[in-house]
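Undergrad: Place chain B on chain A using the hints.
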Amino acid sequence: MSSKDNSTNPCNKANHVCDKAQYQEASLWEKLKLNVHLILCPCCRDYTKNNKKLTDAIKSSNIQCMDKQCKAALKEKFNKALKEQKIS
Amino acid sequence: MSNHKINPNKWIDLYSDYLYNYTISRVNDREVAQDLVQDTFFAGLKSMKNFKGESSERTWLISILKRKIIDYYRKINSNKGQAEVRMSFNTEEDEGDWLEERVADPFDKTAEDAMENTELGDAIYNCLSKLPEKQAQVFRLKTIEGQDTEVICNELNITASNLWVIIHRARTAMAECLKENWF
Chain A
53 MSSKDNSTNP
63 CNKANHVCDK
73 AQYQEASLWE
83 KLKLNVHLIL
93 CPCCRDYTKN
103 NKKLTDAIKS
113 SNIQCMDKQC
123 KAALKEKFNK
133 ALKEQKIS
Chain B
643 MSNHKINPNK
653 WIDLYSDYLY
663 NYTISRVNDR
673 EVAQDLVQDT
683 FFAGLKSMKN
693 FKGESSERTW
703 LISILKRKII
713 DYYRKINSNK
723 GQAEVRMSFN
733 TEEDEGDWLE
743 ERVADPFDKT
753 AEDAMENTEL
763 GDAIYNCLSK
773 LPEKQAQVFR
783 LKTIEGQDTE
793 VICNELNITA
803 SNLWVIIHRA
813 RTAMAECLKE
823 NWF
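Those protein sequence lines, which keep their order, are chains A and B.
Take 53 as the starting number for the first sequence in my numbering and just add one per residue.
Take 643 as the starting number for the second sequence in my numbering and just add one per residue.
Be aware that a few hints might be false.
[Stated by the list, open to error] One side only, chain B facing chain A, incomplete, derived with CB under 10 Å:
{"hint": "1", "residue": "Ser667"}
{"hint": "2", "residue": "Arg672"}
{"hint": "3", "residue": "Ser803"}
[As the list claims (entries may be wrong)] Some residues of chain A that are not near chain B, with every Cβ distance over 10 Å (derived):
{"hint": "4", "residue": "Val88"}
{"hint": "5", "residue": "Cys93"}
{"hint": "6", "residue": "Arg97"}
{"hint": "7", "residue": "Asp119"}
{"hint": "8", "residue": "Lys123"}
Keep in mind the hints are simulated off the structure, nothing from the lab.
Please read all numbers here as calculations on a predicted model, not as lab measurements.
Here a beta-carbon is modelled for each residue, glycine too, at the ideal position from N, C-alpha and C.
Only chain A is shown next, with the shape it has when bound in the complex:
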């Protein structure tokens, strides 16, 4: 995989499609082209393998984050308390 950072580089394109595929946002045609590229490029194969591993790990960990509204409410409440503490 070349270290050149331009969008015309086939490896950069392949990695971009691989990233999109992790979120089901790659088209069938893009995935087909990616698979052809992966046959020829061991570096991109490696990247794809690690990328899939990461996706699987996140799925199986079942991690969660706080609800957006709840976080905003907490932030507001906390900032208010923080201000009061600074004043006193």
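TA: Then chain B, alone, in the frame of chain A:
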């Protein structure tokens, strides 16, 4: 040696998701988890003077949260009055029932699986905390919250190609970090 400084202004942005994930995997109730995280932040704010800087802010907040979780379990256990033990015995009437019901279900989630998932979740959040703020934010919105590309771009005022560059960098760093600490 005290290296760490305390700055509560960024606590919610930096630690609320980590603390929430830590709590939900231990109490298994969204509302309780939210309350415990909130209590932790307020308790941290109250006892800021006690922060000696020997550990990071996050570690310090987690130690407060752990005590809150223990207190929560103590409270609900004291409310119960007495422990309830349910046991099922096979009686002679069960004779001839399906044997499958008596053997362990290989697909059933065991305590070990749950524990491993909890640890993996902690490892993921640890790696996430090492990313630059912007990368962590985009990665969290896209990967953990599962938000649409368009929504994130509008919220953060970035282009789609910008988002994918950030995602690529974040995923590369996350994969590398998890390779060292988990895989």
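Undergrad: Decide, hint by hint, whether the structure agrees.
TA: Hint-by-hint comparison with the structure:
Hint status for serine 667 of chain B relative to chain A: holds, with the closest Cβ pair at about 8 Å, below 10 Å. For arginine 672 of chain B, the interface hint holds, since its Cβ comes within 10 Å of a Cβ in chain A; the closest pair sits about 8 Å apart. For serine 803 of chain B, the shortest C-beta to C-beta distance to chain A is roughly 8 Å, which falls under 10 Å, so the interface hint holds. Here valine 88 of chain A stays apart from chain B, with its beta-carbon at least about 21 Å from theirs, past the 10 Å limit.
Once the 10 Å rule is applied to beta carbons, cysteine 93 of chain A is consistent with being away from chain B; the minimum gap is 16 Å. In this structure arginine 97 of chain A is separated from chain B by more than 10 Å, as the shortest Cβ-Cβ distance comes to about 14 Å. The beta carbon of aspartate 119 of chain A sits about 8 Å from the closest Cβ of chain B, which is not more than 10 Å, so the claim that it is off the interface is violated. Distance check for lysine 123 of chain A against chain B: the nearest CB is about 6 Å away, which does not clear 10 Å, and the non-interface claim fails.
Hints 7 and 8 from the list above are not met by this structure, while the remaining hints are.
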